[in-house]
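Trainee: Here is how the chains run, residue by residue.
Protein chains: 2
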Amino acid sequence: MPRTEPTALTLLRRTHEAQVVDVLRRLGAVSRGELARHTGLSRTALSSITGALIGRAVVVAGPAPAEGVRGRGRPVELLRLHPATGRCAGVDLGRGRVRAVVANAAHQIVASGARACPPEVPWERRTDAALELLDELLDGSAAGLEGIGVGLVGPVPAPGERAATVVRLLGERYGAPVLVENNTRLAALAEAVHGAGAGARHAVYVHLSHGVGGGLVVDGRLLGGASGTAGEVGHMTADPGGPRCRCGNHGCLELYASLPAVEAAGGPGDDGAVARAGRMTGRVLAGLCTAVNPELLIVGGELAALGARLLGPLESELRARTLPAALRGLRIVTARLGDEGGALGAIALIRQEAPPAVNGGARAAAGPLAGCTGPGSSG
Amino acid sequence: MPRTEPTALTLLRRTHEAQVVDVLRRLGAVSRGELARHTGLSRTALSSITGALIGRAVVVAGPAPAEGVRGRGRPVELLRLHPATGRCAGVDLGRGRVRAVVANAAHQIVASGARACPPEVPWERRTDAALELLDELLDGSAAGLEGIGVGLVGPVPAPGERAATVVRLLGERYGAPVLVENNTRLAALAEAVHGAGAGARHAVYVHLSHGVGGGLVVDGRLLGGASGTAGEVGHMTADPGGPRCRCGNHGCLELYASLPAVEAAGGPGDDGAVARAGRMTGRVLAGLCTAVNPELLIVGGELAALGARLLGPLESELRARTLPAALRGLRIVTARLGDEGGALGAIALIRQEAPPAVNGGARAAAGPLAGCTGPGSSG
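Chains as they are written, first to last, in the numbering used here: chain V, 108 to 486; chain Z, 108 to 486.
The set of hints was computed from the structure by calculation and includes no laboratory data.
The beta-carbon is built from N, C-alpha and C at its ideal position, and this holds for glycine as well.
A portion of the hints provided could be inaccurate.
[Unchecked claim] Quick list of simulated restraints, FRET-style, between CB atoms:
1. Asp446/Z <-> Ile161/V: 53 to 63 angstroms
2. Gly419/V <-> Asp346/Z: 22 to 32 angstroms
3. Gly306/V <-> Thr272/Z: 24 to 34 angstroms
4. Pro431/Z <-> Leu118/V: 31 to 41 angstroms
5. Arg353/V <-> Pro347/Z: 21 to 31 angstroms
6. Glu409/Z <-> Leu118/V: 40 to 50 angstroms
7. Val274/Z <-> Ile161/V: 44 to 54 angstroms
[As the list claims (entries may be wrong)] Sample of chain Z residues lacking proximity to chain V, with all beta carbon distances greater than 10 angstroms (derived):
8. Gly169
9. Val183
10. Glu184
11. Cys224
12. Ser248
13. Ala250
14. Gly373
15. Gly374
16. Arg416
17. Gly419
18. Pro420
All chains, full assembly: derive it from the sequences and hints.
Mentor: Structure (structure tokens):
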């Protein structure tokens with residue numbers, strides 16, 4: 108008989124671990140017998156799986172309350188999730204500030220904070236600021252931290268060397284998986300999952316700011332693309348005969364719908380300049396809405412705050428140029444999460460890409476943080 | 108203690124069924140004891156799961172070969188997959204013909220055939236032709252058929268009434284799940300999975316024919332979109348100042364890159380007309396490649412057969428207008444599966460969307476087909 112592939116066994120084991128965590132998440136504290144009944148796993152398989160989860164401090168075992176003690180033999184031991192299991196952190200190393208958010212297993216925000224960090228502050232100092240902020244928000248311990256998502260500003264695609272440094276520094280300090288993404292794309296994910304989109308399966312996000320960026324959410328997940336440019340709507344052609352863009356192409360949307368472009372055309376007080384930005388955005392997004400067919404189009408960034416003067420021309424151009432069947436059911440909304448968007452998207456990314464008890468879970472070795480002088484001690 | 112949700116239990120059961128089928132697929136014939144060891148499931152859970160799979164004729168139980176018979180007690184019974192388990196059928200109710208393909212669990216094509224069916228043949232007769240063809244290709248029995256995928260030509264989105272009729276007729280006759288999709292999108296999926304793309308995670312397909320259509324494959328799966336228009340690149344704007352299209356918008360790609368458009372501009376022998384079709388296609392796809400960032404762009408349909416006269420201008424316009432980072436690693440290829448593309452895509456869709464032993468598996472009731480006079484008897 109052929110031997111079972113090790114990879115298949117590993118996958119099976121992860122599935123079983125996830126089943127156990129899922130049952131504990133739903134039922135709270137249960138005995139080993141109840142766990143066997145609710146998962147359908149054999150006692151032998153369960154024993155090995157719970158042993159590993161306890162070793163990684165994802166699950167804790169303890170005596171049942173008094174009424175659970177039987178007349179003879181050992182008291183019944185109950186298994187439950189570690190209280191801190193399921194915490195996730197999101198960090199946005201954005202323009203002008205560093206922001207971090209920590210959420211619990213119930214997806215509630217338990218801590219949020221920011222440190223001013225002007226654009227001219229060097230890269231290493233920004234990372235230090237992020238570490239200080241995280242130490243504070245994590246209350247002195249990385250126990251139960253399932254992962255850290257990090258949003259970076261930067262050229263497209265995300266800068267390899269910086270991303271690697273961030274992954275190394277945060278991973279070493281907190282002993283949890285670290286994922287890095289472009290922070291505009293993370294804002295797109297956050298808006299689709301929690302914000303203006305609240306559960307949208309397919310969403311297109313456009314961010315009209317110093318540059319023009321965006322993100323595509325497909326089936327509830329962020330689309331990265333083959334080389335990490337997915338969602339770069341700022342470099343779709345708005346005018347085939349337009350001037351040359353910094354990317355090398357001509358007539359890119361960013362030349363018409365960024366803050367500097369609006370400034371150059373008369374400023375945000377000039378209705379014509381603002382309307383042109385809206386029209387060009389609508390023209391480019393029309394093609395994307397026809398071909399990607401989202402249920403939701405989210406407009407964010409400083410220019411979105413200009414309201415109807417921008418959104419009116421955007422929407423009328425979009426409606427004139429989108430395939431009617433694709434327009435059916437399309438909602439156009441403005442972004443809602445503001446400055447926390449990138450950090451919240453980083454948490455959403457961790458929850459999607461690093462499922463609990465498989466890649467994540469508290470590490471047994473993760474005790475109080477080195478270099479952190481205790482809860483609330485940093486400013 | 109709160110009760111377990113029925114939905115969670117159902118999901119758990121499906122996971123366990125899939126584990127059992129997966130083990131049998133890898134190991135062939137195994138005893139119940141071996142199955143318990145390889146899945147980690149308890150005997151009690153296994154008994155219920157294998158009972159259901161045997162009832163649905165997905166799994167068959169039989170005595171082991173002679174050496175398996177022990178001195179006392181019952182001979183050891185081995186479980187294996189039904190020999191026909193895992194067959195899938197794909198049907199393309201396309202322009203000018205009906206085509207069908209049947210593949211086995213090893214993804215080999217075991218039967219393929221077509222019936223001429225000119226465009227003027229009424230809808231009901233086309234469905235009859237598909238049923239006759241399928242009866243023949245399935246060799247008189249629907250045993251082990253996991254599902255039937257069907258590709259339809261049609262306005263966007265796929266026509267609801269026709270789709271419902273096809274699902275009903277095929278479902279009643281073969282007792283298997285039926286999924287319906289636009290046949291150009293199915294060709295896109297087939298090219299990405301088996302054809303020119305062979306395993307591409309992210310692909311954009313454009314079909315230049317009587318109309319201009321296409322499909323997007325994201326993470327290996329076909330993107331349908333919120334209202335079923337995903338991939339409709341023919342109605343993305345190629346020239347903002349262009350003439351009115353039948354869809355109501357102006358300057359759509361289809362007005363420049365369809366067979367009728369090339370005919371009207373001088374015909375496929377006219378280099379200028381062909382080059383314009385290529386240029387306009389490249390212009391529209393450039394934006395899509397920037398924002399969706401595929402690793403593969405596949406050009407299919409009759410115009411793709413014109414070769415470099417079309418593909419040269421297409422590629423140079425595409426390269427001039429796509430974000431450089433998105434161009435990195437992008438391959439441009441022509442479609443390879445020809446007339447079988449739609450039917451093969453229909454099979455790929457069934458394999459992705461109706462996993463074995465969950466939605467599919469042979470139906471116990473599926474015997475020889477009513478109305479089919481036996482293998483090979485139809486012409």
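Trainee: For Ala250/Z, which was marked as not at the interface, is the minimum beta-carbon distance to chain V over 10 angstroms?
Mentor: Nearest chain V Cβ is 26 angstroms from Ala250/Z, so the label holds.
Trainee: Starting from the range 31 to 41 angstroms, see whether the pair Pro431/Z and Leu118/V falls in it by beta-carbon distance.
Mentor: Given range 31 to 41 angstroms: holds, Cβ gap about 38 angstroms.
Trainee: Minimum C-beta separation from Cys224/Z to chain V exceeding 10 angstroms: can you confirm that?
Mentor: holds, 26 angstroms
Trainee: Measuring from beta carbon to beta carbon, are Arg353/V and Pro347/Z in 21 to 31 angstroms?
Mentor: holds, 23 angstroms
Trainee: Any Cβ of chain V at or closer than 10 angstroms to Glu184/Z, or is the non-interface label fine?
Mentor: holds, 16 angstroms
Trainee: Hint says 40 to 50 angstroms; check whether the CB-CB distance for Glu409/Z and Leu118/V agrees.
Mentor: holds, 44 angstroms
Trainee: For Gly169/Z, is the shortest beta carbon distance to chain V beyond 10 angstroms?
Mentor: holds, 17 angstroms
Trainee: Quick check for students: does the CB of Pro420/Z sit more than 10 angstroms from each CB in chain V?
Mentor: Holds: least Cβ distance 14 angstroms, greater than 10 angstroms.
Trainee: Verify this label for me: Gly374/Z is non-interface relative to chain V, using a Cβ-Cβ cutoff of 10 angstroms.
Mentor: Since the minimum Cβ distance to chain V is about 26 angstroms, Gly374/Z lies beyond 10 angstroms and the statement holds.
Trainee: Just tell me: holds or violated, for the beta carbon distance of Asp446/Z and Ile161/V against 53 to 63 angstroms?
Mentor: holds, 59 angstroms
Trainee: In terms of Cβ atoms, is chain V entirely out of 10 angstroms range of Arg416/Z?
Mentor: Since the minimum Cβ distance to chain V is about 22 angstroms, Arg416/Z lies beyond 10 angstroms and the statement holds.
Trainee: The output says Gly419/Z does not contact chain V. Does that hold with a beta carbon cutoff of 10 angstroms?
Mentor: holds, 19 angstroms
Consistency with the previously given hints is maintained throughout, with no hint failing.
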